[in-house]
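S.K.: One-letter residues, chain by chain:
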Amino acid sequence: MDWTWLAEALPRAPHGGGKTWRVRLRMRRTGDSTPATAAVAPPVTRGNLYLEYDIVKLGSEPTAAVLIAGTPPDLVVRDDQQAVPGRIQSIERAAAILRLLSGRSRQIGVVDLAEELRLPKGTVHGILRTLQHVGFVEQDPQTGKYRLGAALLHMGSTYLDGNELRTRALNWSDSLASRTQEEVRLGTLHEGRVLIVHHVFRPDDSLQTLDVGTLLPAHATALGKVLLASHPHVAEELIEAGLSSYTEMTISVPDKLRRELESVRDRGWASDAGELELLRGSIAAPIIDRTGRTAGAMGIFGSPQRLFTAQVPRPELLTHVREHARAVSHELGAIPW
Amino acid sequence: MRERYIAGIDQGTASSRCLIFDHSGRIVSVSQKEHRHIFPRPGWVEHDPEEIWANVQQVVSQALSDAGLQPKDLAALGIANQRETTIVWERETGRPVHQAINWQDTRTDALLRQLAEIPGAGRTRELAGLPLASYFSGPKLRWLLDNVAGLRGRAEAGELLFGTMDSWLIWRLTGRHLTDVTNASRTLLMNLHTLAWDEQLIELMGVPRVMLPEIRPSAEVYGEARGELAGVPVAAALGDQQAALFGQTCFEIGDAKCTYGTGSFMLLNTGPRPVQSGHGLLTTVCPQVGAEAPTYALEGSIAVTGALVQWVRDKLELIGSAPEIETLARSVEDSGGCYFVPAFSGLYAPHWRSDARGVITGLTGYITKAHLARAVLEATAWQSREVLDAMSSDAGVELQTLRVDGGMTANNLLMQILADVLDVGVVRPIVAENVSLGGAYAAGLAVGFWESRDELRSNWHIAAQWLPNMEPERRERGYRKWRKAVERATGWLDEDDERF
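Going down the list, the protein sequences come from chains A and B. Numbering-wise (this note's numbering), the first sequence opens with residue 509 and increments by one. Numbering-wise (this note's numbering), the second sequence opens with residue 145 and increments by one.
Accuracy of the hints is not assured; some may be wrong.
Incomplete in silico selection of chain B near chain A, CB under 8 Å [what the hints assert, rightly or not]:
hint, residue
1, ASP166
2, TRP287
3, ARG353
4, VAL354
5, PRO467
6, ALA554
7, VAL575
These aren't lab readings, by the way, just hints derived from the structure by calculation. If you're wondering where the values come from, they're calculated on a predicted model, not measured in any experiment. Think of the CB as a built atom: it goes at the ideal place given N, C-alpha and C, for glycine as much as any other residue.
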C-alpha cells in the first residue's frame, strides 16, 4: 500500500507563546482523495522537535508509526508536495543507523555503532531508543545489542509476501515452463534456506508432486545462489555455520562460494549443474521489486544433460529464464521499459 | 513459410483483450484495454458499444505490433465474449440506438414478474434450458422495445438489428448479422434441442423475429475481416464460459472445468443429450464446430467467490492485497468452526434464493481474523461442492478431476481446500487464459490451423495438481455445518424490506 504524508502546522495554540505550534499529520492512500487517518500533535515548544504517532487506520489496530522531526514551520506541506526544505540531521543519523543494522544480520551494540558513525554514544543511544519505541529497531534483552525491528521489515512494498509473488508471477512462470519444457520454481530466502513459494510442473504430464513450502539448501541451488548474491550477510552466516556437501559438485569451500556469489552478482544469473542432486540441475535469475531489492528468484529445474553443455547453461534456456524473471520484475514495477 | 498464429479476442465485462497464440497454444502476446461502466440508476449497468468496438480494434493492433506481426500472419481470429449483454443497432448506419445493457443489469425485474404470469412461461427451462431471469438477453431486448420511443415500430419494419457482443463485433468486422449457438443459448429465445429460434419463446418474449441474427456454429469461417484486419478470417464466436470449457479441452462427457474469478462458473460436459436440472443448474450448449452434432453442458454459477476476498480486503481491511488472504489463512489449521455464507445479493446455484443475505456463523471468542480468512476460502470450496453435487445428481456422472482456471487458482491453499472438500483431484493447466484460448482454438479448428480436437488435447498440460487429503468424517461434518449455515442465510429478507 502506498501512503502519502500530509503534514501541516496549525495556527498557534491559543494558550501558547511565540514558539508553540500544533502539528497535524494525515496520511492518505495513493489514489484516494480523502485522507484516511489524522492525528493532531500536542503543542510543541522547541525549535527542533520529534513527534511520534501511532497512525490508526480507522476502525482497526495501529498499523504504522511515524517519526517526524524538524522545526514546525518546516513541516508545512501543501497539497501533495512533501517539500521539507533543508536536511534534518537527526533523520540522516537515524537513517545511517538503520542502514548499518540492515547491512549485517547480527546485532550491533551502541558502542560499535557510535564508533562507526563517529558520533557521541549518547546521541546514538537517543536515536536508537526512539527507533526502538516506534518498532524500527529491537534490542536483544540478553546481549543489549540492537537489530532491525519487525515493524520496519514488514513495512510498505519492500516486504513481498510469497503468496503475492506467486500471484504476480503466475502467467510468466507458466510461460517459462512451456517454453523450456522444464519445471519452474520460485523461491525466497527463509532463515538461510530457499523457501519454494511457487512450482509449475514440467509440461509433459508425467506424475509430479507440488512442493510449494519445501526448503532447499541455499548454497547448492541456482535459486539460492541468486538470493545469497544479493544478501551477502546471510551467505556469511551460512559459511560460518559450515557448508554441507550434497554431491561432489557442491561448493563447500567458503572462498569458492564467495567468488561464485560475486560472479552471480555480476552476471545476474546462477546455475547448479548437480550441486544438490547429481541428476538434477537448475538455472535461475533474480526477481527485483520496485524498491530495487531482490524479492525472490525464479528458475528452471531439469536433468543437467538437458540444461547444460559442459556445465554451461544452454544459451536459449538461459535467455528464457532471464527474460521471464525480468518480465516478473517488470510486473512488480521494477523495470519501467 | 513464415509461422502463422491465431488471435483470440476476449471481450469481457471489465476489459477487451487480445491474445495471440502459436501452434502449440502458447501465448505470444497480450494486449488489454478497459472500458467504462455506465450506471444510470441503481441496478442498471451499461457499456458504450462504440467504445468497445474501438478498444477491440486497438487491442488487436497492439497485440500484433507487440509480437512484431502483421494481419497476414494471422491464420484466423476467434471471439470469446461476455454473455447476455444486449445491443440494438441500425441496419442502415450501424449506429447503436441505445447503450449496451450489461448482463448484471437488473432493470428487467418487474418485466419478468409480468412475463411469468403469461401461460406457458413455465416452459422456458424445458425449451431454452433456462429459468425466466433478468440475467438473459431476451428480457433486456424486450425492455428496450418497450421503453425507447419508436424502437418497436422501427424493429418491426426491419430497420433494427439485435445482437449480443459477438454479433456486434462480427457485424462490425465482416458486415454479417449472426451469432453462435453458445451465445444464442443465453437469450431465452433459442430452442436448446433444435438450436434455432423458438416461435413459442419469441412470442412469450414479444420481440420481432426480423431483428434476430442468424444462428451459426461456434467455429466456422463467418467471413473475412474488413478494414485494418482486411483478409483475416473471422472464424469463431463463443460465450466466455463455454470458451473456457473449450480452452480446457473438456471435450468428453464428464469433463468439467470451473473458472474462479469474482464469481465462479462450473461447466460439466454432458454429451449429446441436454440434461434438465432438478437442482437449479442451467442447461447450455457446448461450442459447436462446423456442422457436427450439438453437445450440451450443465452450468452452475456462484455469485460471490473472489468478490468475498476483495470485500475482506477493501471493506474489512483485514488484508492489504488479495494474495495475503492465503498468508493469513495459513497461520491457522482450520476455520475454528466458523462459516461464512457470502449471500451478498442472494444465493445463485443451486439455491437461487434472492431472499438470502450473508451470514457468519459459529463465532466464538476463540475466532481470530485468521480463522475468518480461512472461512472465506472455505466458502468458495463449499459453494463449489454444492454445485458439483447438483451436477453429479442431475447428470449421473461421477467427476474424476476438476480443471480449474481464473485468478483465484494462484491461491494454493484454496486449491488444496477445494480438492479436500470436493474429494476429487484439482488440476490447473499451464495456460491460465482459457477464455481467449478457447476462442482461438475454435477459430483454428475452423480454418484447419489445428486438425482435430486431439491435437488441441496434446497442447493441454498440467501445471499443478492438488489431491484430496481429508478424512471423510471431517469432510462430511464440515459439509453438514455449511448446509446449516446456508439455512441461516436464507429467508433473511422480508416482504417489506427494500431490495438492494
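S.K.: In ascending order, which of the hints set out earlier in this document are inconsistent with the structure?
M.R.: 1, 2, 3, 4
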